[in-house]
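Number of protein chains: 2
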Amino acid sequence: MTDWRDAPDVRLALNGGYAGSGADLFEAVYTLSSVRRFHPDPVPEHVLLSILEAATHAPSARNAQPWYFVVVREATVKRPIAALYLSAWQQAQRYATTANADADIQDRPGYAEMMRRVDELAHHLEDVPVLILACLDTRQLGPMADSAGHILAPQSAYASIFPAVQNLMLAARGLGVGSALTTVHSIVEADMRGVVGIPAQVHIAALIPLGYPVRPFRVTRRKPVDNVVFFEHWGRTGKE
Amino acid sequence: MTDWRDAPDVRLALNGGYAGSGADLFEAVYTLSSVRRFHPDPVPEHVLLSILEAATHAPSARNAQPWYFVVVREATVKRPIAALYLSAWQQAQRYATTANADADIQDRPGYAEMMRRVDELAHHLEDVPVLILACLDTRQLGPMADSAGHILAPQSAYASIFPAVQNLMLAARGLGVGSALTTVHSIVEADMRGVVGIPAQVHIAALIPLGYPVRPFRVTRRKPVDNVVFFEHWGRTGKE
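If you're matching them up, the sequences are chains A and B in order.
Start counting at 1 in the first sequence, then tack on 30, and there's your number in the numbering used here.
Start counting at 1 in the second sequence, then tack on 30, and there's your number in the numbering used here.
Fair warning: there could be bad hints in the mix.
Chain B regions said to be covered by chain A (calculated; three or more residues, Cβ under 8 Å) [said to hold, decoys possible]: (1) 53-64; (2) 177-188; (3) 249-262.
If you're looking for bench data, these hints aren't it; they were derived computationally from the structure.
Treat the numbers as computed from the prediction; the structure is a model and nothing was measured.
All residues carry an ideal CB built from backbone N, CA and C; glycine is no exception.
Construct the complete structure from the given sequences, taking the supplied hints into account.
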């Protein structure tokens, strides 16, 4: 791990010449589609570290950088994590069915297909080349958490980890690596911490599978920007 | 607002030719320094909308896209928001001093300078060309919130807004526009909602000042990636 900084794609980003990586910002943003089927090829270590270093250049409250990233690639560690993840997903699915919790979105185009892919990922998580556990260390949150690891100011606390997660996913995309942002493990978080020895005051904010995608990246479809932007006052669109 | 999609920098991002905006992904990530002093020049509307459209291409739980963005540029609206923000900042500062809440970070290089700049921004927020209120609509969070607007699953809820906020800030950086991620308004959120007529179940997750920066963007300094990345098990660095 002493030579990864010399890899061409990393050197450009680090060595005063962070410009010119060749990855286009808007292309990465617009084509960051969730990837849930991966080629079995490993992700080279220098690519992984380039992705993780990009993650750390995110903002955080008080610039405390209260994050850790646990990289899981060994089958013996992925297997118990995957089992816990599947259990969490199945619990979430049972709840959603019983409580009709997706009633507001289940008629949208793409919903059934998305759920099928999420289910497929949950059943094959141990086959994904890399799992990243993006961790939030509550001991570095100052007044935003107590000494037992309870988050007191969730808005500021999560504003100190999810920008880093988005950087991670965009950097991955820029290097051709697919990812998906998942949080369903929260149901089984204590057990998952145990698998990799994460301290009790450190919170697994996200689990991000990483690898080369089976399908090409595509432009994500979203609500029209005019529908979600107001000017000066709630409800006032730019067309008025 | 019908012609902004024809602006060259927007057309590239939208019209199947999202590639080639000319903004480098890694440069944007590495030089996304917090901007707290702004030129008074306005940000053109097509640039603003390009930034906001990029925000909407973020992931969100259930792909529900539970976000709204309120753009504030008029002095009559900025003024009461700025007054509330200053009040929140002063309350936060008093608390931090009394509770010695920054004891863990106040000896770090750059801390005093950062706090000076945060204080300066709080005193001049109404002079910033654009304020963006990034809102999380709890009515679109399904099982993650109740009908009164209380967030039940903060991790998944905030994972559905802060990636969009990071996209917003990166897109702004890519177009030469500076920003900062702030959440201190949470102390005065109910009053701030009132200023722009935001419904009670909609949560102002972040307040982001936007404008052209006085100082050039610079590469952000962060903890070495080796210090925050573990492999397979907590505490196991790549050097072992």
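Exercise. Counting residues of the stretch 53-64 of chain B whose CB is closer than 8 Å to a CB in chain A, do you get three or more?
Worked result: holds (count 11)
For this session: Take the stretch 177-188 of chain B, compare each residue's beta carbon with every beta carbon of chain A, and decide whether three or more fall closer than 8 Å.
Result: It holds: at least three residues are needed, and the stretch 177-188 of chain B offers 6 whose Cβ sits within less than 8 Å of chain A.
Exercise. Count the residues of the stretch 249-262 of chain B with a beta-carbon closer than 8 Å to any beta-carbon of chain A: does the count reach three?
Worked result: holds (count 11)
Checked against the numbered hints above, the structure breaks none of them.
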